[in-house]
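With chain H held as given, fit chain E onto it using these hints.
Order-wise, the sequence lines are chains H and E.
Numbering follows this note's numbering, in which position 96 of the first sequence is assigned residue number 675; successive positions increment by one, without gaps.
Numbering follows this note's numbering, in which position 174 of the second sequence is assigned residue number 753; successive positions increment by one, without gaps.
Be careful, since some hints might not be right.
Just so you know, same-sequence chains aren't split out, so a pair can sit in one copy or run between any two.
Below, simulated DSSO-like cross-link-like pairs (lysine-lysine); rule was C-alpha separation at most 30 Å, straight line [stated by the list, open to error]: (1) K922 with K1015; (2) K922 with K1016; (3) K780 with K764.
Hint data in this document are derived by calculation from the structure and do not stem from the laboratory.
There are 2 protein chains.
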Amino acid sequence: MSLQELLHSPLRVVNLGIESFKDTCEAFSPPAIQVDWRPPAEVSPESEAILSKRAARIERANQKALEIILSGTPKLVGLDIARNVIPGMRENLILHSGPPITWERMSGPTRGGIMAGLVYEGRAATIEEAEALAASGEIEYAPCHEHATVGPMAGIVTPSMPVMIIQNETYGNLAYCTLNEGLGKVLRYGAFGEEVNTRLKWMENTLYPVLKAAVARTGPIDLKNMIAQALHMGDEVHNRNRAGTSLFYRAIAPAIVETCESKADAVAVLTFINGNDHFFLNLSMPACKATLDAARNIKGSSIVVAMCRNGTDFGVQLAGTGNEWFTAPAEVPDALYFAGFSKADANPDIGDSAITETGGLGGFAIAAAPAIVQFVGGHAADALRYTYEMYEITAAESRMYQIPALDFRGTPTGIDVRKVVERNRVPVIDTGVAHKKAGVGQVGAGIVSAPMGPFAKAYDALARSLQ
Amino acid sequence: MSLQELLHSPLRVVNLGIESFKDTCEAFSPPAIQVDWRPPAEVSPESEAILSKRAARIERANQKALEIILSGTPKLVGLDIARNVIPGMRENLILHSGPPITWERMSGPTRGGIMAGLVYEGRAATIEEAEALAASGEIEYAPCHEHATVGPMAGIVTPSMPVMIIQNETYGNLAYCTLNEGLGKVLRYGAFGEEVNTRLKWMENTLYPVLKAAVARTGPIDLKNMIAQALHMGDEVHNRNRAGTSLFYRAIAPAIVETCESKADAVAVLTFINGNDHFFLNLSMPACKATLDAARNIKGSSIVVAMCRNGTDFGVQLAGTGNEWFTAPAEVPDALYFAGFSKADANPDIGDSAITETGGLGGFAIAAAPAIVQFVGGHAADALRYTYEMYEITAAESRMYQIPALDFRGTPTGIDVRKVVERNRVPVIDTGVAHKKAGVGQVGAGIVSAPMGPFAKAYDALARSLQ
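Only chain H is shown next, with the shape it has when bound in the complex (with noise of 0.2 Å):
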């Protein structure tokens, strides 16, 4: 590069010293690039050796899943019952978050999802019948993410809970996921009783088939289009959902109007949405599902398909390694906890909304969402900060979803083990945290660093594919 060049070229900056003055550097454009060089994570020679042998195949893998995770287009296509549309789905089957676990494993909320799921579905009269028929082996257990379903924190689909479709109308693959509940005492926070019932009771009963007939009747929803927009107006769409709910409530009210026989129903149902700054994430976690799914077993690819917690352990999936999972126990969050809670009463990371920051949402664009440190802790350079740490260990930036402070750069989307594991960088996942023991619900939302266990068995895993 001639010196004219070099003096017409944008400026970058590259900073060896002192991070924080990369830091207010990055707060204008153009981005500094931080030297944070880290000893990689420990994974065996011989894995690395592959894997670094195989580096222009995995490149050609990973070009082919970031083509398809980009131009995915997730659209809410419908509803229905659990039962009629999951792949998979029986009487005897419940659906819970995170990788594989027995129900002797399981954690609290698990469990207080599981025990609510079987009142609700009228198989136990009492929490403690619930709770001796889960435990007693005639209930079989299984991931969501191997239904083609996420749900958040307990993730529990039970039969004849109502979902929604969502289909990337680009590859074609469904995803489902059931209709949030709201905070306070909610299943999937493991909370049960009288409240949680009732309410899974009316969901059901009126919620469901109002918006199941107003959704045939606006057609398909533009879910890639709604995030995009959301991220503009301050959602992160993990942890903070208020105009993503708020588009979908614009989108969905006039068709309600239409559709819905009873007046009283209908302004239920609006007003239920409009009580519900979280509904949203019943939406953007199964868009990220039906994106990243299609990406699916691409042989040599090092791209992550999901992330995600049961509460006990945490999952990992990889594109090019088909349907095994990497495990490693969960981590308690740093939260910032509700008043009278502790992290002495948190339970372990849980939940598949993890699928966002798969997605190159939640956590990896928080930056998109300053106002979200008012409910997870921190300051707004913090929410900056994540976001450009994420850029080094993904390999694309969307081109639909984009950071209005950062002039509108596509989110870090992608996740590449290699660089998770190279430079010793885990994933930042923005959650809600839930209380232990089951019963009691939600005790506070923080920011929480993916261990890098997962990371490394992936990795090795993907070496042995190759060799």
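Below, chain E without anything else, positioned relative to chain H:
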């Protein structure tokens, strides 16, 4: 201060050097202070001497004015027809934006809006007839601001138009504003014709009664709270109102469903609001008007209570100088022009919407709305810079309206005309741009600086009032 104390105080950076270094510091708290000294604007040494001598008295008056402005609580309390509620409204009177002006000196869009208004009122059958009537001397014109009203762009209010009624609950005073027509060919941008008139009639016959009944059902809607939320969602509530519109929609939709007898009308109203992201502008403006009007007539106060433009002149009023107007020619905005238009097509700055800046919103709060640069031009960093600059000419920070990206710092509120003049820094206004010819409509949007002239005149007048 001992060294011990100094070390335990929050760090403040005073930068006398290159401003960009301060900018980068500012993006992270604690904020840096730029000593950006400019020679004062030209004002008489006599005025300067008087205001300096009366500084303590001005300070007391300002504290009173600021307390009123900061504690205002604007709420939407109802709707009615202009002639029934706007004080002094009469059949031959048409209100317009900005300071007083005669037909002869009016700009194209103001004339176009008046012509459209006369056709809408049935006072003229054609635009040609309307123009002749408007120029005949038979019609009286007065500023919206003198009738407790504000109007965006041309700001035309005729007797039959529906208006929203905003009450400042703390002080009891009322403010009025018409309903927002949306974008495209609309009266407020000086457009006329069949399309404009048909929409205005629909607004009078359907939108107005439906909204009136719904607001009667909800009871007063807290606009202060809604604006505060909108700032957390990327609006500055002048040129970006997508979040405000969404929040208003969420609040009003259930009441529309409950109160509207005709399903078709309810759907049409919801669809209209959903299709117009500027709907909330006509609520944020009168919210600011109701807030600021309560601080009028406080002798000695140098706080600005109105900035507005009629497309020819830019006008300013102070809390301390009663109903006197201080004016100078309005400037043509350096804007982002729509395809096919340029600055040569643009009318000078127009509209009462600068009441948002006067109230600490709009251009003053633009750091909350980085996505707006897509609409008005520039980079996200410019949005931060504009807001920082406005702290230099304001006397307070909002207790309610916050900027998440600045760690929830209150927006710069209460323009002190002394700071404008002595620091030689004028307010920035984030505005839409009308075509200079009647009948065309919007051609762009951008950031415009207020002219210094009205502030210099106000400064002198304040001095005279304290001689």
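The hints, checked one at a time:
no.	hint	in the structure
1	K922 with K1015	within (10 Å within a copy, 63 Å between copies)
2	K922 with K1016	within (13 Å within a copy, 65 Å between copies)
3	K780 with K764	within (15 Å within a copy, 48 Å between copies)
In this structure, none of the earlier numbered hints is contradicted; all agree with it.
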